[in-house]
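**Student:** First to last, the protein sequences are chains X and L.
Residues in the first sequence are numbered consecutively from 115, following the working numbering.
Residues in the second sequence are numbered consecutively from -11, following the working numbering.
Misleading hints may appear alongside valid ones.
Unchecked claim - Which residues of chain X face chain L? A few of them, derived with a C-beta cut under 7 Å, are:
#	residue
1	Y155
2	E169
3	W180
4	L183
5	R187
6	A240
7	R243
8	Y257
No lab work stands behind these hints, which were simulated from the structure alone.
Here the structure is a predicted model, which is why all the values come from computation and not from measurement.
Think of the CB as a built atom: it goes at the ideal place given N, C-alpha and C, for glycine as much as any other residue.
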Amino acid sequence: MIDDEAGAVMLALGTDLIEKALAGDQSALDSLLRPMLKPAYKLAYMMLRDREAAEDAVQNAALKSWSKLSKLRPGSDPRPWFLGFVANECRNMRRSRWRSVLKLGARDDIVAPSPTWVSDLDLQLALARLSHQDRLVVLLHFYLDLPVDEVAIVTRSGASATRSQLYRAVKRLKRQLGGEEAGHG
Amino acid sequence: MVDRELTRDIRRLVEDTVPPAPWLEDRVMVAVTIAAERPVATRQRPPRLGLQAAAVAALVIGALVIGVLVGSRLGANGNQVPATKPTPSRDPAVVSYRALIDGDASAVEFSFLQNSRCQTRETCARSLVQTRTAAQALLRDMSSARAPTSVSPAALRVEAAAEQFIVQLDVAIALIQQPNSDYVAASLAPTIHDLDLSVAVVDCWPAAPIDEEHGITCS
């Protein structure tokens, strides 16, 4: 979930902050980018299931978004715009050949089972069985709280198509979980 | 399961599953800050280089001349290749040729991205040399493999872009090796975009690549 603080910062951001960042104002750049990094990393990790790959995806996305910052429309929210770069990096990394090499998890990736371990595992498997794009829209909407129109910006689709995709993805997810097939409002 | 429960469960799953990366924010901000400062650093470089500037400038000019010559030579060759009518890319030769190029180009890009994190003159130089080696491997593999006729003009573009990229790397490596040079600016100077775009021409054929805001996609 995006922190409240991060959300507030994002909403408060205007053209002014972006212009300052472009002009070389270090604190503006920091305020603009830093709050988006942690949620972006969590999204990337859930998409790639690899800590190093997720870190690289976020760093590459940050560098690419910085180089294109001047193209960000004045007054628009940089959060879905930045997450679009992250999503694209995840897609590229998944396609890249070197990512297909089996990687053994680092020791610090191993965490103690939580009390909800079994249900977490079911959900994890169900999410893993979704297509890359389905998983992306589910995480953007349900984890990062992005409204459908912002999910559409990230996935570069229309709002209507995104709503349909989200509906279908949730239906598939629930089917995997063996639960009801209630639609998504 | 209602959506509120799904939201709660997904959030809990993410929080329980994702390993912490407390260093990530600083690491990314350092990389972006360096990239953001690049134009300033480049402007400041000549006064700091002093007497070595002339030698370095000569090297840069020489490399650029070579780059232009290489580019124009290969560009002319590309024009001599007859236009190929696009056909559906089910040709196994095209598929395997793409796999060859994609594998090598991914290695180049991966190595090049590591470069953005280098913190010392030595690591920056080593990183660029590794990238150069990967780019040479791409060229070597391309020269030993026969490009299918349908993508041969695109393959020539990849070779030209790879050669130009190597020229840029050579310039950057030479600058980094100058004792008082701005090695951070030098290491960030080469751009892989043209090479990426040329590889996308092969990947996308018979469609064309589109250089979009979020990256390159096929039309």
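**Student:** Hint by hint, say whether it matches the structure.
**Tutor:** We went through each hint and held it up to the structure:
1. Y155: Result: holds, 6 Å to nearest chain L Cβ.
2. E169: holds, 6 Å
3. W180: holds, 5 Å
4. L183: violated, 9 Å
5. R187: violated, 10 Å
6. A240: With a closest approach of 10 Å, the A240(X) hint is violated.
7. R243: violated, 14 Å
8. Y257: OK, holds: Y257(X) within 7 Å of chain L, min 5 Å.
Of the numbered hints stated above, those contradicted by the structure are hints 4, 5, 6, 7, listed in ascending order.
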